[in-house]
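**Q** We have chain P already, so just place chain V on it with the hints.
Residue numbers (the numbering used here), protein chains in the order written: chain P, 1 to 118; chain V, 1001 to 1159.
Rather than coming from a laboratory, the hints here were simulated on the basis of the structure. We put the beta carbon where it would ideally sit given N, CA and C, even for glycine. You may find that some hints are simply not true.
Covered stretches of chain V, as calculated for chain P (at least 3 residues, CB under 8 Å) [said to hold, decoys possible]:
| no. | segment |
| --- | --- |
| 1 | 1067–1074 |
| 2 | 1130–1144 |
Facing chain P, according to a computed beta carbon distance under 10 Å, are these residues of chain V, among others [unchecked claim]:
| no. | residue |
| --- | --- |
| 3 | 1020 |
| 4 | 1038 |
| 5 | 1041 |
| 6 | 1045 |
| 7 | 1054 |
| 8 | 1058 |
| 9 | 1079 |
| 10 | 1106 |
| 11 | 1122 |
| 12 | 1125 |
Distance windows between CB atoms, simulated [claimed, not checked]:
| no. | chain 1 | residue 1 | chain 2 | residue 2 | range |
| --- | --- | --- | --- | --- | --- |
| 13 | P | 86 | V | 1025 | 34 to 42 Å |
| 14 | P | 16 | V | 1050 | 53 to 61 Å |
| 15 | P | 65 | V | 1037 | 19 to 27 Å |
| 16 | V | 1081 | P | 96 | 20 to 28 Å |
| 17 | V | 1081 | P | 41 | 17 to 25 Å |
| 18 | V | 1011 | P | 52 | 39 to 47 Å |
What follows is the residue order along each chain.
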Amino acid sequence: MSRQGAHWPGDPVPLTIAPSEGDGASACVRVEGELDMAGCDAFLREVGVTVRAGLPLEIDLRGLTFLDSTGTRALLAADRLARDAGAADVRIRAHPHGAVGRVLHVLGVVHVLDVVDG
Amino acid sequence: MLPPDEHVSTAWHDAPCRGLDRRGEVEDRLSVRLDPTPLAPAAARHALAPFCDLLAARACDDLRVMVSEIVTNSALYARVSTPIRVDAFLLPDEVVVAVTDDGPGFDPGALSGPRPGEPGGHGLSLVAILASAHGIGSRIPFCVWFAVWRAEAGTEHAG
Chain P
1 MSRQGAHWPG DPVPLTIAPS EGDGASACVR VEGELDMAGC DAFLREVGVT VRAGLPLEID
61 LRGLTFLDST GTRALLAADR LARDAGAADV RIRAHPHGAV GRVLHVLGVV HVLDVVDG
Chain V
1001 MLPPDEHVST AWHDAPCRGL DRRGEVEDRL SVRLDPTPLA PAAARHALAP FCDLLAARAC
1061 DDLRVMVSEI VTNSALYARV STPIRVDAFL LPDEVVVAVT DDGPGFDPGA LSGPRPGEPG
1121 GHGLSLVAIL ASAHGIGSRI PFCVWFAVWR AEAGTEHAG
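Chain P on its own, in the form it takes in the complex (with noise of 0.2 Å):
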């Protein structure tokens, strides 16, 4: 990643997002580093591109360290896109505990969105 100016104290942990392996009965997204502002807009583009009408979508945040409400807004977001392209389903799988289910249940998107425990 390239630094952005003179102040980057810094190189940040990597945000990495890819179709992870399918067993062919639904579509994966796996996100792994930290979700904020700089990776939402890769994270959607690889929902688009990874969902399969009438194939449920999961979206695995197990290795996922970091989640913000900009990041959690982008959650909401794959949601509603992987809906309206024809997804069966929708589901998140995360680890209940830690920095990320901490943001979910916080935000009330546990009581919106199918999170599972990973």
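**A** Below, chain V without anything else, positioned relative to chain P:
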């Protein structure tokens, strides 16, 4: 998890930055200037790592979220030409983080609490929920600050 909703205020009020208010007790201080780009939140988290390492795990997680929320707002609304300034103050019992930019700030009265499923406006409410104290330190330039306890509060455990 969090205290019941009725006990959580998501309001922001004018309040002197506690790091400056208690300047005589400051054990250590960090200051970093960040270009207002999408990389600024990650840079702010990285810059605060030395203080994060001194906190309980939950407090460290919360501090990282809170500084990201505020710096994200600054990166969205501050002028492109002027850096975002992040100051962190290590006090005996808490860490205080102040974020200053030259943007227009926000009207506290216009903020509402998080509404599940509705996008927008959640970041500052999230800070207000997670912080042990928070406030608008100054209007010109616009500075918001929050504090987090250094020791784990109460018997709350991870999760």
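**Q** Could you check if residue 1106 of chain V really has its C-beta closer than 10 Å to a C-beta on chain P?
**A** violated (14 Å)
**Q** Does residue 1125 of chain V pass the interface check with chain P, least Cβ-Cβ distance below 10 Å?
**A** holds (8 Å)
**Q** Looking only at beta-carbon atoms, does the pair residue 16 of chain P, residue 1050 of chain V fall within the given range of 53 to 61 Å?
**A** For residue 1050 of chain V against residue 16 of chain P, whose Cβ atoms are near 26 Å apart, the range 53 to 61 Å is violated.
**Q** Does residue 1054 of chain V meet its interface restraint, that is, does its C-beta lie within less than 10 Å of any C-beta in chain P?
**A** Since the shortest Cβ distance to chain P is 17 Å, the answer is violated.
**Q** Counting residues of the segment 1130–1144 of chain V with a beta carbon closer than 8 Å to any beta carbon of chain P, are there 3 or more?
**A** violated (count 1)
**Q** Grab the minimum C-beta distance from residue 1038 of chain V to chain P and call the hint holds if it beats 10 Å, violated otherwise.
**A** Holds - the Cβ of residue 1038 of chain V comes within 10 Å of chain P, reaching about 4 Å at its closest.
**Q** Against chain P, with CB atoms and a cut of 10 Å, does the hint on residue 1122 of chain V hold up?
**A** Hint on residue 1122 of chain V: holds, closest Cβ of chain P at ~4 Å, below 10 Å.
**Q** CB of residue 65 of chain P to CB of residue 1037 of chain V, is that within 19 to 27 Å?
**A** The hint (19 to 27 Å, Cβ to Cβ) holds, given that residue 65 of chain P and residue 1037 of chain V are roughly 21 Å apart.
**Q** Count residues of the segment 1067–1074 of chain V with a Cβ under 8 Å from any Cβ of chain P, then say if the count reaches three.
**A** Contact hint for the segment 1067–1074 of chain V vs chain P: holds, 3 residues under 8 Å.
**Q** Holds or violated: is there a CB of chain P closer than 10 Å to the CB of residue 1079 of chain V?
**A** violated (14 Å)
**Q** Taking the closest Cβ pair, is residue 1058 of chain V under 10 Å from chain P?
**A** With a minimum Cβ separation of about 8 Å from chain P (threshold 10 Å), the hint on residue 1058 of chain V holds.
**Q** For the pair residue 86 of chain P and residue 1025 of chain V, does the Cβ-Cβ distance stay inside 34 to 42 Å?
**A** With Cβ atoms ~59 Å apart, the hint is violated.
Going down the numbered hints, you'll see the structure goes against 2, 3, 7, 9, 10, 13, 14 and 16, while the others check out.
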